[in-house]
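Novice: Please construct the entire structure, taking both the sequences and the accompanying hints into account.
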Amino acid sequence: MESPEPEIGALAVRARRAYERGRLARAALGVVPLLPIMAIAALFGDGLMVLWLSGPLVVLSLGCLFIGRGLERAVRPGWSAGFVPLFVALATLQRFGCASGGCAELCAPLCAGAGMLVGAWLGTTMQARERLGVAAASLLIAGLTASLGCAAIGASTLVGAVVGLSLGLVPVWVVRGLASSRS
Amino acid sequence: MHASTRRQLQRQLTALAGGDRRAFDDVFGLCWPVMRQLAVRLLGDASEAEDAAQRALLRLFSNASCFDPEREALPWALTFVINECRTVRARRRRRPMQTLTVEPAGDLGPEQHLLRVDLTRALLDVVGTLSPADRVALGLEDAVLPVVAPATGRKRKQRALGRLRSAWRRIHGVA
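Chains as they are written, first to last, in the numbering used here: chain A, 1 to 183; chain B, 1001 to 1175.
Careful, some of the hints might be misleading.
[Claimed, not checked] Residues from chain B shown here face chain A by an in silico Cβ test under 7 Å; the list is partial:
id, residue
1, G1019
2, L1030
3, L1058
4, S1062
5, N1063
6, S1065
7, F1067
8, P1069
9, E1070
10, G1153
11, W1168
No lab work stands behind these hints, which were simulated from the structure alone. A virtual CB, placed ideally from N, CA and C, is assigned to each residue, including glycine.
Specialist: Rendered as structure tokens:
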């Protein structure tokens, strides 16, 4: 008769696979809200650019949700933060009919300003004890989400949005980190 | 399960739901024996219980990332076993005629064999109208019998037999 140990080992392997499959399915469901955002961006912005940028955004969001261990907390704030510059860029594009590089003097400051605002919001909503990896992932997701709209106007706008987010985010974290280390 | 073990299961399952793969071995080690034990108690048959418990365990891990830390871990885990055992029992009810098979002709002549086949079919028609409880009481279906007093068991069998007779009369028109 076969000893139960290898059977339990095989069952543990199957259970681990089931766990990973379950996580992947849940992560895949978790990125579904990105689809309407991408559709809106493709509809009102540069479809080809959206196609290029949505790949890394989906992969990064899916990866964070799948890995877990706190990284999943980076996803939704990142989307929310990135959605504001994305919306501003698309609205500007519709209102003024900006083409790539055509309205840098208006769109770039607008997107950078929106990025800075939501960066500050992201910094205040994220807790000070949040790991650096979570913060970085959140910033990256926000930047990529913003770039779905901003990149349609011009690369300078994308850089503006990411810089705005970073400038808004980093001081808030530094202040919070100092405050928590003192207390 | 001891209270401290339950707390440990709660902690580890919460960690696993959050993506901490290090908690996997603990959750597996804590859940598997309890789930298997419950399946054996619910189904009676050891091999069937083992299969049901394994399926339940795989479903548990498949859904582990959906576990809500506000819920109690042990009842949550055991729900998978209970559901799986219900499915097995329902499947058992759907194949009630295991014991009613026509034996090969053997020493019987062809006429007698045909008669037996006809009678078996007629009986299957009648038995099919009985409830699962009646079929269990008459010994026509495999099931874990509840522990009852012998007199109660006899009474149930008698009532089931009465219903079998009246069903036979209703369907075939003879007593």
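Novice: Each hint needs a verdict: does it hold in this structure or not?
Specialist: Quick rundown of the hints versus the structure:
no.	hint	in the structure
1	G1019	2 Å, holds
2	L1030	13 Å, violated
3	L1058	5 Å, holds
4	S1062	4 Å, holds
5	N1063	6 Å, holds
6	S1065	5 Å, holds
7	F1067	10 Å, violated
8	P1069	13 Å, violated
9	E1070	17 Å, violated
10	G1153	36 Å, violated
11	W1168	47 Å, violated
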